[in-house]
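Q: Reconstruct the complex from the two isolated chains, following the hints.
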Amino acid sequence: MANDLKAKARSQFGASAEAYATSDVHAKGESLSILLDLVRPQGDWQALDVATGAGHTAMAFAPHVAHVTASDLTQEMLTKTSELIAARGLINVGTQVADAEMLPFDNASFDLLTCRLAFHHFPNPGQAMREFARVLKPGGVLGFTDNIVVPDKKAAAYYNAYEKLRDPSHHWVYPLGRLQAMFEDEGFKVEAAQQMSKEFEFHQWADRQHAPGTVKEKLLEMMRNAPDALKPLFAPRWTNDTLYFSLWEVVILAKKGAV
Amino acid sequence: MAVSQDLLEILRCPYCVSGDTRKPGDDPGQLELVHNGKWLVCQEPDCGRKYPIRDDIPVMLIEEGDKWANTPAEALPEPGSLV
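Listed in order, the protein sequences are those of chains A and B.
Position 207 of the first sequence, counting from 1, maps to 207 under the numbering used here, and the rest follow consecutively.
Position 41 of the second sequence, counting from 1, maps to 1041 under the numbering used here, and the rest follow consecutively.
For reference, chain B alone in the conformation it holds in the complex (with noise of 0.2 Å):
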């Protein structure tokens, strides 16, 4: 699996968890795994920011969750490589 648990446990959408855009409470911008593992969702309910997971690496910009943020999961490609 290209993401280990340990990183799954601290990794957070970083949109919702960062600076001003941080959500409210004690915890925000938790990501599932989906697609088998190759892209994280963020959890929070109006976010929809989905991160692809390339050659094993998370991508983790805003930037990037953005572009698929109102592609369903069931609809995301394939990841791809990071170049």
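For reference, chain A alone in the conformation it holds in the complex (with noise of 0.2 Å):
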């Protein structure tokens, strides 16, 4: 199970690397200032971006930390992302392929590490959160960022079914709390919590990950069909033939305890 979802991962984003290169809800999206903020990077840190994708975080964290490790799980994603290192001349952002279930580095290596919008993919999360422990400095900071789900649980499974058939490679969307507890699970202290609403027009949002038209059908029956307690969230909005909707995220900024 596990190794299926990774595998489709690859497939994915292998697939969608040129997407993801040019997607502005990950180039530019509002999470990345405000982790940016919250974080405040110093010069002297060592960074880890852990599923780095087309390099957006890494890339935005470089100038601000002395380098940053960027990793990802898939190959292709990473050359595409090194292509876009070398053509911003950063020189301090080096890339590898790793498993953030699996990381390839020794105990407290890194002062601070990001990951950003790519949790809901890890088919072993509190595996993840523990590598990420174990991987930061005590002290060291975790820049986190990913979408969130109402609490309901029957809302989330079908938020979560929703997001899956648009990406067979999503494992789940957790709420608010739930993720704030797997972090203080694994001796994080949560220090900020910014939740934000962003907006996306269904095309452009089923495109990126390929979605054929039968699932475009799918996904928009999903969506008029959707229960009321995720109407706050998607928020759908038609417009001349066009649907709009949201989806939740959360910025989290976190510090593992001194041991």
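Each hint should be verified, as a subset may be incorrect.
Okay, the calculated bits of chain B under chain A, using three or more residues with CB under 8 Å as the criterion [to be verified]:
1) 1041 to 1050
2) 1066 to 1075
Calculated cross-link-like contacts (lysine-lysine; reagent style BS3-like; alpha-carbon spacing at most 30 Å) [claimed, not checked]:
3) A:231 to A:154
4) A:218 to A:137
5) A:189 to B:1023
6) B:1038 to B:1067
7) A:218 to A:255
8) A:218 to A:154
9) A:137 to B:1023
10) A:164 to A:218
11) A:8 to A:164
12) A:231 to A:137
13) A:216 to A:189
14) B:1023 to B:1067
15) B:1023 to A:255
16) A:164 to B:1023
17) A:8 to B:1038
Some residues of chain B that are not near chain A, with every Cβ distance over 10 Å (derived) [said to hold, decoys possible]:
18) 1004
19) 1011
20) 1029
21) 1032
22) 1034
23) 1036
24) 1038
25) 1078
Worth flagging that the hints you see were computed from the coordinates, not collected in a lab.
Please read these numbers as outputs of a predicted model, since none were measured by experiment.
Every residue gets a Cβ at the ideal spot worked out from N, C-alpha and C, and that includes glycine.
A: See below:
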């Protein structure tokens, strides 16, 4: 199951590398500037960006820290990332292929670990969180963003089915409270959590993962029939045959306790 | 050189350093750079996993290390490209 999901992630993101390289949500999303503000990176920090994708977060932090290691499960994606890093003339960013749930680093190697819009792909999120804690130095900073869902369990299951239909490598989006509990289970202290709603145009969102027409029809049907508990989250707006809807995202700043 | 000395200082075999498979000791899973800096070999006595460096990018996946665990370091091929 876990390896199956990881294979799907490689396949999905290998095929979508170009789309993610140019995606506004990933390159310029509001959460990226909030993350930078909250983290307040320092010039002598060693940073690790887990599941870097096209490297947008790694490249945003690079000018503010000593070095960023940008890791991702998908080799094709990292090739694109390396091109983008070279094109920007960034000399303090290295890339490597790594699994977020089995990080290839010594304990306490990094001052900062960032993980942006990726946690919902991890089949064993608890294991990934343990790895985040392991490779961070005591007092190290975890800068995290991901989508979140309403606490209602049935609504959350419906939401996750919706996301998984569009992207088979999707695993699970959690409510904020559950995420915070996962952080605390691994000895992190959550210092800030900032929630936001982000709007998407339906076709642009579906096309980024190459959803075929039949899948799009099903997604539209699911949006029309979404349970009431999801209405404040999706907030669907139909304009001239185009659907606009929202997803919720949270930016979390956490610190690893001193041992 | 593909892998900097700074990175080598913190890079470890993911099998031997993480999770339930972590080996005992303070600093398990250290790696040695071989084959003109194109492969990383785990130094744990009972591991033998080897990780290729493709297009200057270390491929630090356990499944990749498994593929080469029984290949002697001197018999490793050119790592090839990522894509």
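Q: Run every hint past the structure and note whether it holds.
A: Structure-based check of all given hints:
no., hint, result
1, 1041 to 1050, "violated (count 0)"
2, 1066 to 1075, "violated (count 0)"
3, A:231 to A:154, "holds, 13 Å"
4, A:218 to A:137, "violated, 46 Å"
5, A:189 to B:1023, "holds, 28 Å"
6, B:1038 to B:1067, "holds, 16 Å"
7, A:218 to A:255, "violated, 41 Å"
8, A:218 to A:154, "holds, 19 Å"
9, A:137 to B:1023, "holds, 20 Å"
10, A:164 to A:218, "holds, 12 Å"
11, A:8 to A:164, "holds, 11 Å"
12, A:231 to A:137, "violated, 41 Å"
13, A:216 to A:189, "violated, 40 Å"
14, B:1023 to B:1067, "holds, 20 Å"
15, B:1023 to A:255, "holds, 27 Å"
16, A:164 to B:1023, "violated, 36 Å"
17, A:8 to B:1038, "holds, 28 Å"
18, 1004, "violated, 7 Å"
19, 1011, "violated, 6 Å"
20, 1029, "violated, 8 Å"
21, 1032, "holds, 14 Å"
22, 1034, "holds, 17 Å"
23, 1036, "holds, 18 Å"
24, 1038, "holds, 14 Å"
25, 1078, "holds, 16 Å"
Checked against the numbered hints given earlier, the structure breaks hints 1, 2, 4, 7, 12, 13, 16, 18, 19, 20 and satisfies all the rest.
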